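Residues per chain, in single letters:
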Amino acid sequence: MRKYLSSSRNIALAILVTLLSACTPEGMLVHSPDEQAKVTDPLVIARNSIDQAYAVHASITTTLLQNYHDGIITLEEKTALAAKTRDALNYLNSADDLLAAGNLQDANAKVQLAQTIFTALQLELAKQARKEKGQGN
Amino acid sequence: MGIAEVLGIVLQLVQAGFQLEAIVGKAKEMKSKGATDDQIHTYLKNLAAAAQADLEKA
Chain A
1 MRKYLSSSRN
11 IALAILVTLL
21 SACTPEGMLV
31 HSPDEQAKVT
41 DPLVIARNSI
51 DQAYAVHASI
61 TTTLLQNYHD
71 GIITLEEKTA
81 LAAKTRDALN
91 YLNSADDLLA
101 AGNLQDANAK
111 VQLAQTIFTA
121 LQLELAKQAR
131 KEKGQGN
Chain B
1001 MGIAEVLGIV
1011 LQLVQAGFQL
1021 EAIVGKAKEM
1031 KSKGATDDQI
1041 HTYLKNLAAA
1051 AQADLEKA
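Line order of the protein sequences matches chains A and B. Heads up, the first sequence is in our numbering, so the first residue is 1 and it goes up one at a time. Heads up, the second sequence is in our numbering, so the first residue is 1001 and it goes up one at a time.
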């Protein structure tokens, strides 16, 4: 049975992943900081957040699929993680619909829910990196 | 947590980062070629849906 991280290590990993994820290079933003600085319409800002979140979803999901093909995660693990990415995608689609209806507050709340899932998935990717290293040794 | 573990985490994040960079690069390329924000939004939304479908069916 695979050993997973202890709770204290999980906390340390979560902090590290959060810190690293916060340092998103400008080149990885769908809309550049200059563009965003010119935007004052909250609806457009929210739309840009959703766009960025869709890009993050696709990148995480693609990485998970690659890890499955590389044998780093099992079918069961892949299925469980796909359910989480599905939840995140559903939140983003809901946010998109809410924004189209002019409901900015609820749309932003849905994006926040998706981002919470992304943070957990980034932690999961970090765990998979540890497993990959263990398999290599 | 040792340095090797930290490096492993960083490498995994870099891998995910490369995926994100490629996606964002494509969106920026579309924009430079005159795509509207609506078209880029639709592209990213469809891309996420396709990636989700690929993960689920694999």
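Bear in mind the hints are in silico, worked out from the structure with no lab data behind them. Watch out, some of these pointers could steer you wrong.
[Unchecked claim] DSSO-like cross-link-like pairs, simulated, lysine-lysine; straight-line CA separation at most 27 angstroms:
hint, chain 1, residue 1, chain 2, residue 2
1, B, K1031, A, K84
2, A, K131, B, K1057
3, B, K1057, A, K38
4, B, K1045, B, K1057
5, B, K1028, A, K38
[Claimed, not checked] From the derived model, a few chain A residues whose C-beta atoms are all more than 10 angstroms from chain B:
hint, residue
6, K38
7, P42
8, L64
9, G71
10, S94
11, L98
12, G102
13, N103
14, L104
15, Q115
16, T116
17, T119
For clarity, every value in this text was computed on a predicted model and none was experimentally measured. Built from N, CA and C at the ideal position, the CB exists for glycine as well.
The hints, checked one at a time:
With a C-alpha separation of about 31 angstroms, the suggested pair B/K1031 and A/K84 falls outside the 27 angstroms cut-off, and the hint is violated. For the suggested pair A/K131 and B/K1057, the alpha carbons sit about 24 angstroms apart, so the restraint of at most 27 angstroms is met. Between B/K1057 and A/K38 the alpha-carbon distance is near 41 angstroms, which puts this suggested pair outside the 27 angstroms criterion. The hinted pair formed by B/K1045 and B/K1057 meets the criterion: a straight-line CA distance of about 19 angstroms does not exceed 27 angstroms.
Simply put, B/K1028 and A/K38 have alpha-carbon atoms about 17 angstroms apart, close enough for the 27 angstroms limit, and the pair holds. At roughly 13 angstroms from the closest C-beta of chain B, the C-beta of A/K38 stays outside 10 angstroms, upholding its exclusion from the interface. With a minimum CB-CB distance of about 15 angstroms to chain B, A/P42 clears the 10 angstroms threshold, and the non-interface call stands. Annotated as non-interface, A/L64 brings its C-beta within 10 angstroms of a C-beta of chain B; the closest such distance is 6 angstroms.
Look at A/G71: its CB is around 12 angstroms from the nearest CB on chain B, clear of 10 angstroms, so calling it non-interface holds up. In this structure A/S94 is separated from chain B by more than 10 angstroms, as the shortest Cβ-Cβ distance comes to about 12 angstroms. A cut-off of 10 angstroms between C-beta atoms confirms that A/L98 is not in contact with chain B; the least separation is 14 angstroms. At roughly 16 angstroms, the least C-beta separation between A/G102 and chain B is larger than 10 angstroms, which holds for a residue marked as non-interface.
With a closest Cβ-Cβ approach of about 17 angstroms to chain B, A/N103 is found to remain outside the 10 angstroms limit, as its non-interface label requires. Taking the minimum C-beta to C-beta distance to chain B, about 16 angstroms, the non-interface status of A/L104 holds against the 10 angstroms cut. Distance to chain B confirms A/Q115 as a non-interface residue, since its nearest Cβ pair spans about 14 angstroms, more than 10 angstroms. With a least beta-carbon separation of about 17 angstroms from chain B, A/T116 lies farther than 10 angstroms from that chain, consistent with its non-interface assignment.
No Cβ of chain B approaches the Cβ of A/T119 within 10 angstroms, the least distance being about 12 angstroms, so the stated non-interface status holds.
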